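Visitor: Each chain is listed here by its residues.
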Amino acid sequence: MLELIPNQLGFPLLSLLIFVPVAGGMLLLAVRDARAARWIALLFSLFEVALCIPLLTEFNRAVPHMQFGESVAWIKDWNIHYRIGVDGISVLFVALTALLTTISILVSWTAIQDRVREFMIAMLLLEAGMIGVFVALDLFLFYIFWEAMLIPMYLLIGIWGGPNRLYAAIKFFLYTLVGSVLMLVAILAVYFTAGGTFDVLALMNHQFGRTFQLWAFAAFFAAFAVKVPMFPFHTWLPDAHVEAPTAGSIILAGILIKMGAYGFLRFSLPLFPDAAIAWTPAIMVLSVVAVIYGAYMAFAQTDFKKLIAYSSVSHMGFVTLGIFALNSQGVEGGLLQMINHGISTGALFLAVGVIYERTHTRMIADYGGIAAKVPVYATFLMIITLSSIGLPGTNGFIGEFSILLGAFQYKAVYAVIASIGIILGAGYMLWLYQRVAFGTVTNPHNEHLQDMNLREVVAALPLVVLVFWIGLYPNAAFSIMHASTENLIRHVHAKSQALPAAAPVVGTVTGN
Amino acid sequence: MPQSLPEFIKQLAPIYPEFLVIGVALAILVLDLFTDRKYKAVLGWFGLAGVICSAVLTVQLMEGGLQGAFFGNTFLLDPFANYFKLVFYVSCGLGILVSLKYLEIEDINRGEYYALMLFATSGMMLMASAGDLISLYLGLELMALSVYVLAGFMRRDSRSNEAGIKYLLLGAFSSGIMLYGMSLLYGLAGTTNLNGILSFLKGADLGNPVLFLAMVMLMVSFGFKVAAAPFHMWVPDVYEGAPTSVTAFMSAGPKVAGFAVLLRVFLHALGPIHADTSMLFSLLAVLTMAVGNIMAISQTNIKRMLAYSSIAHAGYALVGLAAGGPDGAASVMLYVLIYAVMNMGAFGVVIMLRKAGVRGEEITDFAGLGKTNKTAAFLMLIFLFSLTGIPPMAGFMGKFYIFKSAVQAGLVWLAVAGVLFSAVSAYFYLRVIMQMYMYEPKQEFALVQSPALALALAVSVTAVIVIGIYPTAVLEFARASITGLL
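Protein chains in written order, with the working numbering: chain C, 2 to 513; chain X, 3 to 488.
A hint or two may mislead.
[Claimed, not checked] Derived DSSO-like pairs (lysine-lysine); straight-line CA-CA distance at most 30 Å:
no., chain 1, residue 1, chain 2, residue 2
1, X, Lys444, C, Lys172
2, X, Lys373, C, Lys172
3, X, Lys444, X, Lys373
4, C, Lys77, C, Lys172
5, X, Lys357, C, Lys172
6, X, Lys357, X, Lys373
7, X, Lys168, X, Lys357
8, C, Lys172, C, Lys307
9, X, Lys357, X, Lys444
Don't read these hints as lab results, they were simulated from the structure.
Because the structure is a prediction, the values reported are computed rather than measured.
Just chain C, with the same shape it has in the complex (with noise of 0.2 Å):
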């Protein structure tokens, strides 16, 4: 039984998170300079990442409740609420959204120079509506803000993107769209299947019939497949991710694909829990085609942030396949791992960026042998690295040996392939770094590159401290998600054994 518990900190936290970069966007309306507009837009991202502390410092980790709450009648008629908390799946979430637009901010500072202002207004806009799918506790308030969000991200991508940006954002746009649209379906039925409230934590305590929930719990799924991405609904992404600009792919990598895995944490698990079960045993089962598959892809890649692309459809391939193994170990990892591939796919995205605004090629082949030349990137490439394939004392073993635990309960066999995808990843990452860093300089521009300035120094640290933080103390992201993540299993399987007519359960979970 969740429970919003207002908020006691005397400012609004939660609504000063989405609606300073609101503030921001407007007030950039007004500059025209592009200089002052980077300044400001930092500035702007940065007060966000201050209010990030008060946000983790004040959390009370010891209850699963939905904390920070605000809660203010919006459109009454259809009895609709500007209500907003966040838990300890949620709370990670945001801090993480507020550090990777920073960051974003700050590697974009040289790389783009046409029309700063609107890219400025599109990243904080972003930042807002990002903000606002994690904390809205109404169905018809998140709805909006998942939408909206695909504005500014479009025209990242078709603006600022690379050459082929025209079809790539398109794609994105349509293929989100489509997703959203059916899901807004099953909100309405949702609504009126309840007795007309959007209210989320209301909505978890109803029961719904389970021809109902199979229904709705597919068109949720439309929506959150296309978003992770699932196989085989992750075709737009490698066109995304390769044509957005460094801030694009870094925002799409680290936080926007997450909403995806995150709606099913926040909405599809808990309202449709038989549904979940039922539907375990084919998305375990695309879970791990996608571990497999985005792997092989990846190998074949030449094209630099293809190839990072495609190892983030393998690496959402393990999140899922933790969330629905729908135990603690599955759901703790998958979270964790969510947080951790933002950490490292961001990092590595942003590795990508520095490198292409000084050479302007992402073909792996124009590289090698750089360590020799540029010893801070090669070095901060090489702790990337080994995050993303998930060595021992990164944050990435953390994440991804939890995740087989669950896996290996749920049962032996996924656990079993997915392992097979971590070597995969061995293999193309360091692959990758071998023919990056590693020989002789082949290529004759790049003998007199650069090292990363102290820009980007400062843009790449806090994701490298976090990369050991969270490897090296695991327990400094799972005491902020526990409490929230027990409470989430222990409803889900309450609440689908409550159901009378449980059919046959597929998939009988095992554990606890």
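Let chain C serve as the given structure and place chain X on it in line with the hints.
Guide: Quick look at chain X alone, frame taken from chain C:
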């Protein structure tokens, strides 16, 4: 007993707004004779002032609480009619504002233009207030005849001529069908009064095939007026050929009037056979959304694209009619208001591109607008996302309510079709955005700017954003306006 003149004038109170609009139109015709060609815009402003005064009158009538059926039950003054009248004032006012400069550029700045617009508006007002098939038909023809002339207003332009004559011929044909349907209904019910028809149907054999035939004929003819597929054939040519300002007006005003009549006739008078009409409306809605959205994809001319888009939007509104009930009706009412405003805005930006020597009607003419004119491009961006139905723009709220009432009425399949087609629509709206922001400008060109156009765009964009973020006020107004109807 003979009435004194003051008493007689007092009795006309319910119809003051209509009289005022017609009076201003007639005054414009007279003043036109004494106005130099250079100053015709003054007549436009005069017309706008007339519209605003009528709006004030209507609001006063609403607040005065004067309601009921007047003039032998042919004229209804109820919240429903008043709601639509306000929408007509908005679309007529915006229509005049976007016309002022455009008419000068096209060299068709004549006084009749504004008079015709006001006549059309008075026709629409009569349609919304009609309590009888006869007064309904009178209003409809008054509106239609004025708009036929407006569509062909560029008399030296063959496309405009074609538009006018095509609209006239097909319009006349549809009017014929409508009259036939009305006569059948009269034959059955023995009355042309809408309330009379309702009370007749409450006790009648609803399986009567003649009744069904009459209903289908009415639906076909109104379907023509609101541009529902498969009665949409005239739309692309007429919208493309007509002066752009007329297209803007046509896509908002007469279409909304058509929906006012559809709601009044089908949900109120023919309410007892809603099961039948709902099925037909559902089919019509799916077909209309399909034709509008799919055909719009391949258009290269922005006016044709917006023509197909307006067909598609009629399709969404028909979903609300299929849903029926208070929420179905209110959702249509909210939708047409939002649609009128955002569509007017989009056409306003199209008009900005029209300059002497440059047509500015191809979608590629928008190339690089995001660089050459940031404000215009940004406004267009907002209108297009609103037409697509992406929050936080008003278009989303409109669509949301429509699909909500469809799900409520159990028409989940129709809602699914609706949302999927609106996802399709994203493709062609985004194409324009792409041209504006993601292509390099082909030529430097300064856009046409005028205070009137700027005012129209400011009004529309404010409405689109405010309704998108806080729809409660408009929503409650729409919901309150159906009391008495259903």
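Visitor: Honestly, which of those hints from before does the structure not fit?
Guide: Of the numbered hints given earlier, those the structure breaks are 4 and 5, listed in rising order.
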